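> Chain B: place on chain A using the hints.
Protein chains in written order, with the numbering used here: chain A, 9 to 411; chain B, 9 to 411.
Quick caveat, the hints were computed from the structure, so don't treat them as lab data. Careful: at least some of the hints might be erroneous.
Each pair may be met inside one copy or between any two copies, as identical chains are not told apart.
As the list claims (entries may be wrong) - Straight-line alpha carbon distances no greater than 30 Å define the calculated BS3-like cross-link-like pairs of lysine-lysine that follow:
| # | residue 1 | residue 2 |
| --- | --- | --- |
| 1 | K127 | K330 |
| 2 | K190 | K20 |
| 3 | K91 | K177 |
| 4 | K408 | K91 |
| 5 | K91 | K228 |
| 6 | K16 | K245 |
| 7 | K16 | K375 |
| 8 | K408 | K127 |
| 9 | K190 | K24 |
| 10 | K16 | K303 |
| 11 | K408 | K245 |
| 12 | K239 | K408 |
| 13 | K16 | K352 |
| 14 | K408 | K303 |
| 15 | K20 | K352 |
| 16 | K330 | K206 |
Since we're looking at a predicted model, the values are computed, not measured.
Protein chains: 2
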Amino acid sequence: MAEFSVTKLGTKNEQKIFYLVLDGLGGIPFPGVGKTALEAARKPNIDALLPHATCGLFDPVEPGITPGSGPGHLGLFGYDPRKYQIGRGVLSALGVDFELGPDDVAARFNFCTLDKNRKITDRRAGRIPTETNVRLIKMLIEQVRLPGSAQLFLKTEAEHRGLFVVRGKGLGGNVSDTDPQKVGALPLDPVARDEQSKATAGLARDFVQQAEKILAGEDKANGVLLRGFDKFPDIPKMHELFPLKCGAVATYPMYRGVARLVGMEVLPPPADLPATFELAAAQRDNFDYLFIHVKYTDKAGEDGNFEWKVRVIEEVDALLPKLLAARPDVLVITGDHSTPAALKAHSWHPVPGLLYAPATARPDNLKSFDESHCRCGGFGRMPLRMLMQLALAHALKLEKFGA
Amino acid sequence: MAEFSVTKLGTKNEQKIFYLVLDGLGGIPFPGVGKTALEAARKPNIDALLPHATCGLFDPVEPGITPGSGPGHLGLFGYDPRKYQIGRGVLSALGVDFELGPDDVAARFNFCTLDKNRKITDRRAGRIPTETNVRLIKMLIEQVRLPGSAQLFLKTEAEHRGLFVVRGKGLGGNVSDTDPQKVGALPLDPVARDEQSKATAGLARDFVQQAEKILAGEDKANGVLLRGFDKFPDIPKMHELFPLKCGAVATYPMYRGVARLVGMEVLPPPADLPATFELAAAQRDNFDYLFIHVKYTDKAGEDGNFEWKVRVIEEVDALLPKLLAARPDVLVITGDHSTPAALKAHSWHPVPGLLYAPATARPDNLKSFDESHCRCGGFGRMPLRMLMQLALAHALKLEKFGA
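Isolated chain A (complex conformation):
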């Protein structure tokens, strides 16, 4: 007897699915305002979709679990993020087009600010300009000398962020972060979690010590924090799972990286939000599925800047007609997780999601697309990965299961 598999039900057709992802979209009421950013924003174009849309609340991983960007996006793309895990370092590598090989271990690194007792005063080194990052990485590459035959690669991502890769036969990827994720603490020692990763941890320790000496004269970026050590994961491609040719429109390296990881064709990075929407609309006929990523809702949330988050949502709303002009058969608007400005961080709160499908939706006619109204949405509450199979269903891309 055949096993159940959504993949087996897939059927190709001409219908177009747009996935508009506002990173970190969900929130909680902001103190003093009493509303979430989505509740406070003026968004007439999004709300005009509601008579032809079904809404709900979606858990990227499980209730109560705060996802990183990797698990959040895997959930968006229909994967179970509890099954497929990607290190942050691997995402960073993908985002800067670094081709990871089987002997490579990658980690994300941040420049940070350390005080004279080596305590962290800024985990992002005041968000130094990307040009400073480039200059400092050049210094590090010239001066760091790792022991043995291992090779070191460092790449600028943007601002304070970079990619760290060590290449060497038999290096394991199971090493703990040196980033304690809080200010006032000392950087942590990288610890191997298995035998094969001991050499990797040693190399990471060497790198951190040498980097602090080399950067000692810097005003802001006088330290480095490493996190998300990992090797390249074995994940099936989206087009192997679903009857879709997939394209990605994203500006930020990490999201371009995760899109590439699942096999999407990643389009050239648009310069700004209007260019993002124009590119997506122009590419309508070239793909069955377009992932369109908006970063600044998350960034505003992480900075605790509620007003900014509201403004980004309003800007997206104003640009929405550009996407609608391309006549998607199914348009999903959601996030990869919540980033409440009140918490200045990713959170576990389920993310609101809207699926617009004029021909096939059972509309729930909510008055507004936001956290409180989505509670009574027609999708109820479900794992975020289910939204992908709902999008396929509404685009009539899944055959009936069973007789």
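Relative to the frame of chain A, chain B by itself:
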């Protein structure tokens, strides 16, 4: 440590559960009307249950998955339809009381209309009368000659539908459909998906070729389409899983078949809807659980006949007092899946469900039993199979789990 199992919690008592299944009940707003059939129907008797009922939306398989009738009913009966799969042919065999043996492979067949280039112009041969079906099957049985020692059995179901069985040592059941599920296409060649099924595919091919010659003089039914090849599946009986003596009241062969498959006692087919309700009420004391099947909501949906679907719901509502007079302790009203008239097909939309239990329900006091109100029902949204354990619970047929 013992594994969790609902079966282990079962306890017998005198309480009666009625499962009133309106096939294909769920819908989406019909164009021009702006309501679903359930929203448009006048149904005072059903709505009068709401002060003693809890409602919700139920996914027969998973969100986004359109179920066939087999998976839909397995979900209704508390089975995980992703785990237990039944070929359409097996359902057909059960429905016409054909006793499948271990050497048998069954498939559903439809008479269809082919044009002079063998393209399908009607997959249902204009829904020929059952008498024509009987006459043609007699012709086929007399004239088809399969090679070797394999035996052929053909049985009329109703209208254009029939059962095809080949019996022979070692025949495999893993053969692809010849029904392309669309008009304008040629019938497909039956293809074996494993080594043991090659002989079966050959026999099916022979049958199709000979049948087309024999039927060449027919006006409408001049071809046959085969689908859902399968052998008898190994599924636990309902009375092995739950503390229930189960009976089924259904007119249509396939639903009688699926009831028999899960071990229900299938009562003689009632002639019409009033007889269906009378029979169920009269059988109250003979069973713990009665499955009562109403076909025409689905048929109306598949025909795109919104008005008819509304009328069937209103007819069921008018007959409801007959069932209530039998004082069920728990009455469930739901469907096996949605069949929106707007889509003229089964769909993935979750099906509304109502559980009336005057002594044990936590009522949600909805204003109307329909898709939009069920969104905010007390059961929320869950897999359809959970409704079975909720019915058992409300009938006090499940012991406490754990100390």
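> Hint by hint, work out which the structure violates, then give me just those numbers in ascending order.
Those not satisfied are hints 1, 5, 7, 16.
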